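Asks: Going line by line, the protein sequences match chains A and B. Take the first sequence: its letter number 250 is residue 276 in my numbering, and every next letter is one higher. Take the second sequence: its letter number 224 is residue 250 in my numbering, and every next letter is one higher.
Accuracy of the hints is not assured; some may be wrong.
[Said to hold, decoys possible] Label-pair ranges, simulated between beta-carbon atoms: (1) Ile72(B) x Arg307(A): 14 to 22 Å; (2) Glu138(B) x Arg175(A): 24 to 32 Å; (3) Ser64(A) x Ala397(B): 49 to 57 Å; (4) Ala263(A) x Pro76(B): 37 to 45 Å; (5) Met348(A) x Asn47(B): 44 to 52 Å; (6) Asp334(A) x Asn47(B): 53 to 61 Å; (7) Glu160(A) x Gly140(B): 33 to 41 Å; (8) Glu255(A) x Pro61(B): 51 to 59 Å; (9) Met27(A) x Gln313(B): 19 to 27 Å.
[Claimed, not checked] Facing chain B, a subset of chain A residues (Cβ under 8 Å, in silico): (10) Asp141; (11) Leu157; (12) Ala301; (13) Ile331; (14) Pro333; (15) Phe450.
[Said to hold, decoys possible] Straight-line C-alpha distance at most 25 Å; calculated DMTMM-like pairs for lysine to aspartate or glutamate: (16) Lys82(B) x Glu159(A); (17) Lys231(B) x Glu159(A); (18) Lys231(B) x Asp167(A); (19) Lys231(B) x Glu425(A); (20) Lys79(B) x Asp141(A); (21) Lys231(B) x Glu138(B); (22) Lys231(B) x Asp264(A); (23) Lys358(A) x Asp112(B); (24) Lys231(B) x Glu94(A); (25) Lys231(B) x Asp417(A); (26) Lys82(B) x Glu156(A); (27) Lys395(B) x Glu315(B); (28) Lys231(B) x Asp141(A); (29) Lys78(B) x Asp310(A); (30) Lys358(A) x Asp334(A); (31) Lys78(B) x Glu138(B); (32) Lys358(A) x Asp417(A); (33) Lys231(B) x Glu169(A); (34) Lys85(A) x Asp167(A); (35) Lys231(B) x Asp334(A); (36) Lys82(B) x Asp334(A); (37) Lys380(B) x Glu48(B); (38) Lys231(B) x Asp310(A); (39) Lys82(B) x Asp264(A); (40) Lys409(A) x Asp264(A).
Since the hints were made in silico from the structure, they are not lab data. Since the model is a prediction, treat every value here as computed from it, not as a measurement. Ideal Cβ placement from N, Cα and C applies to all residues, glycine included.
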Amino acid sequence: MRRAVVTGIGAVTPFGLGVDCFWDGLVNNRNGIRRIQSLPLSGGVVHIGGELPLVPSEKLAPLDRVPEDPSVHVFFEAVREAISMAGLNLASMPNTDRVGTFIADRAMGQILYLDAYAPLIYSCCQGGGELDEERFSAALDRENLLPWRWERDPDGISHITAREYRVSGPQLSLSTACASSSSTIGEALIRIRRGEIDSAIVGGAYNFDLHAMVGFTRLGALTVHPDPEYACRPFDADRSGFVMGSGCGILVLEELESAKRRRAAILCEVTGYGACGDAFRATDPDPDANGIVRTIQACLASAQIGPDQVDYINAHGTSTKMNDFIETVGIKRVFGERARAIPVSSTKSMIGHSIMAAGALEGIASSKSIRTGIIHPTHNWQKRDPEMDLDYVPGAAREKSVRHVLSNNFGFGGQNVSLLFSAFSG
Amino acid sequence: MSQRICITGLGTLTPFGVGENELLAALQSGVFVAPPGGRVPEFDPIRWIPNKKTIKLLNRQAVLGCASVGAAMASAGVGPETARSDDAIFLGSGSWVGSVLSMRDAIVPSLEAGGRVDYTNFCERGYRNLPPLWILPLLPNTTAGQATILHGLRGLNLSIVNGPSSGFLAVGEAFDCLRGGRAGRAVCGGAEGDAPADLLFNLVKRGVASRSMNGSRPFDPASDGFLCSEGGVAFVIETDAIARARAARPRAWIRGYVNRYVPRLHTERSGTVALHYQRFIRGVLDQAEVRADQIGFVQASAAGVPHLDEAEALAIAGVFGPRVPVTSVHGAAGNCLAAGGALSIASAVLQLEKGLVAPIARAQPQLHKDAVCYVTGSPIAIRASWCLVTCFDHLGAASCMVLQKVEEKS
Numbered sequence: 027m028r029r030a031v032v033t034g035i036g037a038v039t040p041f042g043l044g045v046d047c048f049w050d051g052l053v054n055n056r057n058g059i060r061r062i063q064s065l066p067l068s069g070g071v072v073h074i075g076g077e078l079p080l081v082p083s084e085k086l087a088p089l090d091r092v093p094e095d096p097s098v099h100v101f102f103e104a105v106r107e108a109i110s111m112a113g114l115n116l117a118s119m120p121n122t123d124r125v126g127t128f129i130a131d132r133a134m135g136q137i138l139y140l141d142a143y144a145p146l147i148y149s150c151c152q153g154g155g156e157l158d159e160e161r162f163s164a165a166l167d168r169e170n171l172l173p174w175r176w177e178r179d180p181d182g183i184s185h186i187t188a189r190e191y192r193v194s195g196p197q198l199s200l201s202t203a204c205a206s207s208s209s210t211i212g213e214a215l216i217r218i219r220r221g222e223i224d225s226a227i228v229g230g231a232y233n234f235d236l237h238a239m240v241g242f243t244r245l246g247a248l249t250v251h252p253d254p255e256y257a258c259r260p261f262d263a264d265r266s267g268f269v270m271g272s273g274c275g276i277l278v279l280e281e282l283e284s285a286k287r288r289r290a291a292i293l294c295e296v297t298g299y300g301a302c303g304d305a306f307r308a309t310d311p312d313p314d315a316n317g318i319v320r321t322i323q324a325c326l327a328s329a330q331i332g333p334d335q336v337d338y339i340n341a342h343g344t345s346t347k348m349n350d351f352i353e354t355v356g357i358k359r360v361f362g363e364r365a366r367a368i369p370v371s372s373t374k375s376m377i378g379h380s381i382m383a384a385g386a387l388e389g390i391a392s393s394k395s396i397r398t399g400i401i402h403p404t405h406n407w408q409k410r411d412p413e414m415d416l417d418y419v420p421g422a423a424r425e426k427s428v429r430h431v432l433s434n435n436f437g438f439g440g441q442n443v444s445l446l447f448s449a450f451s452g
Numbered sequence: 027m028s029q030r031i032c033i034t035g036l037g038t039l040t041p042f043g044v045g046e047n048e049l050l051a052a053l054q055s056g057v058f059v060a061p062p063g064g065r066v067p068e069f070d071p072i073r074w075i076p077n078k079k080t081i082k083l084l085n086r087q088a089v090l091g092c093a094s095v096g097a098a099m100a101s102a103g104v105g106p107e108t109a110r111s112d113d114a115i116f117l118g119s120g121s122w123v124g125s126v127l128s129m130r131d132a133i134v135p136s137l138e139a140g141g142r143v144d145y146t147n148f149c150e151r152g153y154r155n156l157p158p159l160w161i162l163p164l165l166p167n168t169t170a171g172q173a174t175i176l177h178g179l180r181g182l183n184l185s186i187v188n189g190p191s192s193g194f195l196a197v198g199e200a201f202d203c204l205r206g207g208r209a210g211r212a213v214c215g216g217a218e219g220d221a222p223a224d225l226l227f228n229l230v231k232r233g234v235a236s237r238s239m240n241g242s243r244p245f246d247p248a249s250d251g252f253l254c255s256e257g258g259v260a261f262v263i264e265t266d267a268i269a270r271a272r273a274a275r276p277r278a279w280i281r282g283y284v285n286r287y288v289p290r291l292h293t294e295r296s297g298t299v300a301l302h303y304q305r306f307i308r309g310v311l312d313q314a315e316v317r318a319d320q321i322g323f324v325q326a327s328a329a330g331v332p333h334l335d336e337a338e339a340l341a342i343a344g345v346f347g348p349r350v351p352v353t354s355v356h357g358a359a360g361n362c363l364a365a366g367g368a369l370s371i372a373s374a375v376l377q378l379e380k381g382l383v384a385p386i387a388r389a390q391p392q393l394h395k396d397a398v399c400y401v402t403g404s405p406i407a408i409r410a411s412w413c414l415v416t417c418f419d420h421l422g423a424a425s426c427m428v429l430q431k432v433e434e435k436s
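The following block holds chain A by itself, in its conformation from the complex (with noise of 0.2 Å):
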C-alpha cells in the first residue's frame, strides 16, 4: 500500500505567523482569546474570540493577483510557510495533474461590506420598515455599487493557491462543519493510497465574521464568559461554550517514494483515516458516541494498529458541556481502562474553535508532538468534572515519547472525523 507522509506545515494562529510561533504559544500555556477588535461587537452578541494576527500588507508575500479579502492573504502565509518547508519545487514540474488542492474554506461573503451596502438597503426599505428586495436588486444596478475592488481576486484561498502554484490537480473545497480541514486530510491520504496524486495541499482556513458571532451566539452554543482569559476551558467542570477562533493550517501530503526520491525531509506519517456519521441531531451528538466510536474504530483499522498503540489524544476539545462528555465517553468506550493512561488536550483551549481551519492546525500540532516529545496542555482545565475522569494535561505541557496520535474532530449535521498521525519509521 502507498504510504502518505507529511514534508511541510504551515500556520496562521492568533498567536502569529508561522508553526514555531503556534507551537511556541501551545507549549507555553499562552491564551491568544482575547476581546475581538475586528469587528464592532458589544452587547449581548459574544465579543472574544481568537483572531487573525494583525500583519501590515507590506509584510505578506507577493501574489501575482491579490485577494480581496485580506484574510485570505495572511492564509497564504501559511500556504507558503508549507510548500517551502516542503521543498515542493511545483514550478519545475512539467505536470501538475497528480497534486490536489484540499483546502476546506469559503467564498468572499458580502457581510463583509455590509457598511457599503447599509445605505443602499436603508434607502429601499418601506417607510423605515421591511426591505423591498426587488428595489434593493434594481438598486445595486443603478448605483453600480461594488463595495470591492475589480482588480482583486475575490475567491478563497484554495483557488488562491491553485493558481499561485500553478496546480491542475483535483480540486475539493471540503465542509464537514468543525471536520472540514480534518476531511481534507483525510481525502487526500485515501487519494495518495489509490495512486491518483502523489502530493496535496491540504488544511482549511476561516476567519470568523458577523454572520458567525451573530449565528452562534443565537445559537448558543458560545460561553458567554466575560473573561477572555478563562472563557475557553475543555473538558473543566465549569465549560460553558466553545470560543470562536480564525486562523489558517496547511499540510504538504506526499507519496512517501515519491518523498524519498526528492529527499525530502519527513516530519510524520498519516497513517488512518475514519469518518462517520452520527444521523442523530443537527446540533447535538448521540448521547451514547456511536458515531464517534466507529470512527476511531475506523481510523485505527485504517492505520493497522490497535488502542493499545495511541499514545496521545489531541481532541476536538470544544469546551462545551456536551461535546466534551461525548468525546469522553466515546475514547472510553474504544479504549476501555487504558483510557486514562492516554494524555488528552485540547489545542482549542488556547486559540479557541477555527472551525474549517480546526482539524488541519490540530494536526500541525500532532505532527510537533510526534516530532519534539511534547505534548501541549489543555488550558484552564482546572477542575475535575465528576462524570469525566480523563487524563486532559492540565497546567503544563509534558515530555512523553509520541509514536501515534489520534486527532479528533466532530462537526454539526453529526459529522465525526478521526485521523491518526505516526512518527515516520522508515
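Take the given structure of chain A and dock chain B to it, following the hints.
Replies: Same frame as chain A, but now just chain B:
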C-alpha cells in the same frame, strides 16, 4: 479490481418541475424554457421531509437538497429497511453564502437615518430578531446532515463547496468512493436555492451571470452570461454487486471521472484553455476505456459565458470533430450552479435511456459551428451507448464524466 458502479435512483427538482418525467418532457419538447427566475415550481416538501419542524428550520437550498435526496432514494427503492452501515452521502452545497440579506431582520432595525449601521443597537437588540437556529441552514453541510438524519445514513458524509461544480464533483467523488471499495452505496448530487440580490449582483459584475434576455444561450456569442436558477438533483449510486443483490434496476453505468483544474483560466486565451480541457477529456475517455468515436453525444456544461463556452467548443471540436452531437441543458434550465452539474448528469442519463439528444434551447450556437455538431431546434434520435458529460466553470474547475447506457442484457 475496481467495482462497476451504476445509477439506480434519480431525484430531480428543477425549474421544469418536480420529478424526472418533467425533466424528460422538457428535454423531449426541445422548446421548453424554464420560467424567469428559474424557480422550481411550488411543491409540498412534506412528501420527502416528513417533519414540519425540520422544514421550518431549512432554507430553500436545503429543502431542495433534502427533497431531491428523498426522491432519489424512493426512486431507487432504498430506505431505512435496506440501509447499510456504510451508506455514504456526497452533496454539492449551494453557492449563496454570506449574503447581507440573510441578516436583514437584524440589520434593518439597526440602521440610523442615512443608512449607517448602529452596531450598539445591532448587538443589543437587532440580532435578537434572528431565530436561535438561524445559522444552521447557512452552514454548507446542513443539507447533507439533515439528509443523513432523515434517512439514517451513517457512513461517509461529505459536503462539497466548489461553486458551480459542487454537484458534479459530489457525484464524481461518490463514484470514486464506491469504485475504491470505501462504500457500497452512496447518495450524491447537489442543491441550489434562489439567489440573494447582493451575491447575484457580484456574479453579474464578475461577467459570468446575466439578468438580461440574452443570458443562458450556450455556445452563442450573443450570450452575456448565465441566468441563475435553482434546483435539487440527487442520485443513488451502487456497486453492481449490491444493486444486483437487491434486484435494483440500473439506469446507467458511470465509467470514468476526472477532477482537474485550470489555474490560469483567467489569463489564458480560449485556445490554450481548450488544450487543457482536451487533455482532461482524453484522460476520462482513457479511464473509461472508450474511444472518442464511440461517444454518442456530449452533454456540455456550456451555460452562455462566452469565453468558457468557446474553450469548451474548441475542446470538443479537437477531440470529437463535427461528428458527435453536442447539447447543453443550461439554455433551457439556466444555471442551477451547485445543482447544475448534477442536472447535466441527470439529463444525460434520461437521454441515454430514451435514445435521444435534446436540443440546446434559447440559443443559436455559433461558436466554431463548422467544427462542432450542435443539436438545435428539436431532439434527435440516436442509438448512443456512451456519452461524455463535462463540467467546466468560471472558477477554474474542469471535470468530466463518462456514462454508459445499460443495455438490456448487461
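Asks: Each hint needs a verdict: does it hold in this structure or not?
Replies: Outcome of the hint check:
{"no.": "1", "hint": "Ile72(B) x Arg307(A): 14 to 22 Å", "result": "holds (20 Å)"}
{"no.": "2", "hint": "Glu138(B) x Arg175(A): 24 to 32 Å", "result": "holds (27 Å)"}
{"no.": "3", "hint": "Ser64(A) x Ala397(B): 49 to 57 Å", "result": "holds (53 Å)"}
{"no.": "4", "hint": "Ala263(A) x Pro76(B): 37 to 45 Å", "result": "holds (40 Å)"}
{"no.": "5", "hint": "Met348(A) x Asn47(B): 44 to 52 Å", "result": "holds (45 Å)"}
{"no.": "6", "hint": "Asp334(A) x Asn47(B): 53 to 61 Å", "result": "holds (57 Å)"}
{"no.": "7", "hint": "Glu160(A) x Gly140(B): 33 to 41 Å", "result": "violated (22 Å)"}
{"no.": "8", "hint": "Glu255(A) x Pro61(B): 51 to 59 Å", "result": "holds (57 Å)"}
{"no.": "9", "hint": "Met27(A) x Gln313(B): 19 to 27 Å", "result": "holds (21 Å)"}
{"no.": "10", "hint": "Asp141", "result": "holds (6 Å)"}
{"no.": "11", "hint": "Leu157", "result": "holds (5 Å)"}
{"no.": "12", "hint": "Ala301", "result": "holds (5 Å)"}
{"no.": "13", "hint": "Ile331", "result": "violated (19 Å)"}
{"no.": "14", "hint": "Pro333", "result": "violated (20 Å)"}
{"no.": "15", "hint": "Phe450", "result": "violated (25 Å)"}
{"no.": "16", "hint": "Lys82(B) x Glu159(A)", "result": "holds (22 Å)"}
{"no.": "17", "hint": "Lys231(B) x Glu159(A)", "result": "holds (18 Å)"}
{"no.": "18", "hint": "Lys231(B) x Asp167(A)", "result": "holds (9 Å)"}
{"no.": "19", "hint": "Lys231(B) x Glu425(A)", "result": "violated (56 Å)"}
{"no.": "20", "hint": "Lys79(B) x Asp141(A)", "result": "violated (34 Å)"}
{"no.": "21", "hint": "Lys231(B) x Glu138(B)", "result": "violated (29 Å)"}
{"no.": "22", "hint": "Lys231(B) x Asp264(A)", "result": "violated (50 Å)"}
{"no.": "23", "hint": "Lys358(A) x Asp112(B)", "result": "holds (23 Å)"}
{"no.": "24", "hint": "Lys231(B) x Glu94(A)", "result": "holds (15 Å)"}
{"no.": "25", "hint": "Lys231(B) x Asp417(A)", "result": "violated (55 Å)"}
{"no.": "26", "hint": "Lys82(B) x Glu156(A)", "result": "holds (21 Å)"}
{"no.": "27", "hint": "Lys395(B) x Glu315(B)", "result": "violated (28 Å)"}
{"no.": "28", "hint": "Lys231(B) x Asp141(A)", "result": "holds (19 Å)"}
{"no.": "29", "hint": "Lys78(B) x Asp310(A)", "result": "holds (19 Å)"}
{"no.": "30", "hint": "Lys358(A) x Asp334(A)", "result": "holds (12 Å)"}
{"no.": "31", "hint": "Lys78(B) x Glu138(B)", "result": "violated (37 Å)"}
{"no.": "32", "hint": "Lys358(A) x Asp417(A)", "result": "holds (12 Å)"}
{"no.": "33", "hint": "Lys231(B) x Glu169(A)", "result": "holds (13 Å)"}
{"no.": "34", "hint": "Lys85(A) x Asp167(A)", "result": "violated (37 Å)"}
{"no.": "35", "hint": "Lys231(B) x Asp334(A)", "result": "violated (58 Å)"}
{"no.": "36", "hint": "Lys82(B) x Asp334(A)", "result": "violated (46 Å)"}
{"no.": "37", "hint": "Lys380(B) x Glu48(B)", "result": "holds (14 Å)"}
{"no.": "38", "hint": "Lys231(B) x Asp310(A)", "result": "violated (41 Å)"}
{"no.": "39", "hint": "Lys82(B) x Asp264(A)", "result": "violated (34 Å)"}
{"no.": "40", "hint": "Lys409(A) x Asp264(A)", "result": "holds (7 Å)"}
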